[in-house]
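Each protein sequence line maps, in turn, to chains A and B.
Taking our numbering, the leading residue of the first sequence gets 4, the next gets one more, and so forth.
Taking our numbering, the leading residue of the second sequence gets 4, the next gets one more, and so forth.
If you're looking for bench data, these hints aren't it; they were derived computationally from the structure.
One or more hints might be untrue.
Computed cross-link-like contacts, BS3-like style, restricted to lysine-lysine with a CA-CA straight-line distance of at most 25 Å [unchecked claim]: (1) B/K308 to A/K202; (2) A/K126 to A/K73; (3) B/K215 to B/K126; (4) A/K308 to B/K209; (5) A/K202 to A/K215; (6) B/K215 to B/K27; (7) A/K118 to A/K73; (8) A/K308 to B/K215; (9) B/K209 to B/K126; (10) A/K215 to A/K126; (11) B/K215 to B/K202; (12) A/K209 to A/K27; (13) A/K209 to B/K202; (14) A/K308 to B/K202; (15) A/K215 to B/K215; (16) B/K73 to B/K126; (17) B/K118 to B/K73; (18) B/K27 to A/K215; (19) A/K308 to A/K215; (20) A/K308 to B/K308.
Example chain B residues on the side facing chain A (calculated, C-beta under 10 Å, incomplete) [claimed, not checked]: (21) V96; (22) T120; (23) A123; (24) L174; (25) V196; (26) Y197; (27) A217; (28) V221; (29) G227; (30) F229; (31) P242; (32) V272; (33) A273; (34) Y303; (35) A305; (36) L306.
Just the calculated beta-carbon pair ranges, DEER-fashion [said to hold, decoys possible]: (37) A/D31 to B/I265: 30 to 38 Å; (38) B/P201 to A/G295: 24 to 32 Å; (39) B/G76 to A/I307: 57 to 65 Å.
All residues carry an ideal CB built from backbone N, CA and C; glycine is no exception.
Number of protein chains: 2
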Amino acid sequence: MENTKRSSAQPVLVVGSVAFDAIKTPTDGNNRILGGSATYGAVASSFFAPTRLVGVVGNDFSEADIARLKGRGIDLEGLQIDQSGETFFWSGVYGENFATRQTLETRLNVFAHFKPTLPAEYKSSPYALLGNIQPSLQSMVLDQLTAGSFTVADTMNLWIDHARPDLLALLPRVSLFILNDEEAHQLTGEANVYLAGPKLQSLGPKIVLIKKGAHGAVLFHPEGLFSIPAYPVTRVADPTGAGDSFAGALVGCLAAAHDTSIATMRRAVAFATVTASLTVESLGIDRLEQAGWEEIDRRYAALIKLTTIGCS
Amino acid sequence: MENTKRSSAQPVLVVGSVAFDAIKTPTDGNNRILGGSATYGAVASSFFAPTRLVGVVGNDFSEADIARLKGRGIDLEGLQIDQSGETFFWSGVYGENFATRQTLETRLNVFAHFKPTLPAEYKSSPYALLGNIQPSLQSMVLDQLTAGSFTVADTMNLWIDHARPDLLALLPRVSLFILNDEEAHQLTGEANVYLAGPKLQSLGPKIVLIKKGAHGAVLFHPEGLFSIPAYPVTRVADPTGAGDSFAGALVGCLAAAHDTSIATMRRAVAFATVTASLTVESLGIDRLEQAGWEEIDRRYAALIKLTTIGCS
């Protein structure tokens with residue numbers, strides 16, 4: 004691809020949680036899935052650009068887990084290993100058709116004391132993904148980054164409910180804000196995404212991306228609008244991490260092109276869409292890891308074919 | 004536009020209900036709106052191809068109503084005027100954000116005895132829209148059409164619930180079947196549109212189009228898939244007739260190009276999308292009528308811009 008895997012690809016910093024998840028769906032289940040926003044984000048980004056991870060794991064994080072991330076070429080100099088406890092653990096159960104998700108247990112473990120600390124080399128990262136963690140921790144990352152970095156922040160309903168002032172303080176400092184349609188509604192009071200988008204831009208970030216799950220995504224960019232349907236998936240195995248890998252692929256793609264014009268962002272959102280479609284086809288990162296670049300690229304071509312209206 | 008308003012445009016037959024609607028929304032209301040599936044369908048089609056209407060009206064249908072349809076160039080030879088009673092009347096109220104619709108009253112009036120009868124010239128119509136009415140009446144239209152007509156059938160939840168055998172008998176006889184995602188789920192048992200689409204094709208129609216309201220539409224065609232988001236609308240005034248005008252514009256566009264390949268259908272679905280976006284911006288056909296071809300064409304160009312990923 005013209006805009007990826009180029010030798011000019013810039014490094015991407017991914018900061019977030021690294022976790023073990025125990026997930027039960029109507030059809031699948033696993034009690035020890037390598038997950039967390041930084042894991043999904045960094046693995047997705049790694050297909051497009053050199054990727055660096057900042058996070059924390061505990062004394063139960065194995066050599067095999069490390070090898071798995073290194074296998075994707077991810078730089079782990081910023082991964083803190085805290086021997087005082089176990090890795091962040093989350094367990095949840097999905098209902099029929101993934102219409103509901105219930106958290107059974109959250110054990111923060113070593114993540115409770117996590118302070119993101121950027122190794123010297125990471126501080127000048129030209130692209131950074133602030134994965135879904137507390138907005139105050141996301142702000143700490145910005146404090147350490149040198150000016151001029153293109154920063155992308157993801158969030159979730161929990162922070163809109165319980166850390167809204169921190170989130171509102173973060174937003175003017177980020178370049179691109181990603182959230183889903185329900186969160187956009189919750190944060191702006193607007194149910195219509197085309198009204199919510201500009202309201203979110205007025206909170207600070209020049210670029211806003213609203214995800215609509217199985218209905219695709221809408222990009223609000225100073226140069227214009229872009230709307231894309233989801234990649235057709237006929238069997239969802241586990242939606243966990245879809246948003247994180249969407250964000251990771253998006254940032255990776257921008258770093259690969261070293262450009263954030265709307266033309267590049269259209270392609271990046273399309274690559275993010277197909278990367279997320281692979282994530283949901285298995286528990287954890289299994290499917291994405293196995294599918295690899297070839298399948299991402301094949302789906303990208305299929306997505307262009309799926310959405311092209313024709314010549315005007 | 005290359006594919007519309009050409010001198011080779013074929014005539015379109017539209018059959019359905021002509022009604023007066025009394026509608027109340029959270030922001031608007033009117034007790035005598037010219038509506039019905041044939042009205043919306045024929046008006047939409049009239050922007051693209053010569054259009055003929057078959058339906059029935061009563062003794063309260065005024066010269067001004069007739070003039071309004073004729074003003075769009077619609078051939079009304081097939082419009083029956085039944086002096087024995089009043090025109091089909093429906094009244095309903097929409098809830099907040101149009102999440103709910105409650106029927107207050109339905110008076111079939113002269114529609115209760117309606118039997119679609121095609122004037123001789125209409126029987127060879129190369130394109131026909133069987134607007135949303137009872138499937139048994141839609142079948143009566145097919146009985147009168149000569150072989151080789153490209154036929155499009157629309158439906159609604161009422162017929163899936165109460166006239167399923169008639170609908171299942173109709174489907175193998177139509178070329179293209181249009182319905183929304185909830186109806187597709189209801190008819191096939193599949194919540195996933197990409198599973199429901201092929202199931203619907205297996206019921207007979209070679210081409211199936213599933214509408215997803217504010218989330219766009221997906222086309223299932225023997226030559227491939229096509230997915231399109233909705234045109235961005237920031238103020239919905241009244242969604243009544245959106246589906247009917249979508250269908251009318253779609254058929255009109257195919258008739259204008261006199262082609263039903265996937266390449267033409269992609270453009271037709273896009274024109275249908277923008278035509279429906281105008282319909283929802285007012286009660287009845289007011290906005291669509293006033294906007295005219297220029298606004299349809301402008302929105303079509305904007306929709307291409309909105310959805311283009313880029314060069315592969």
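What are the numbers of the hints that this structure violates, sorted from low to high? The structure breaks hints 3, 10, 12, 13, 18, 21, 22, 23, 24, 31 and 39; every other hint is satisfied.
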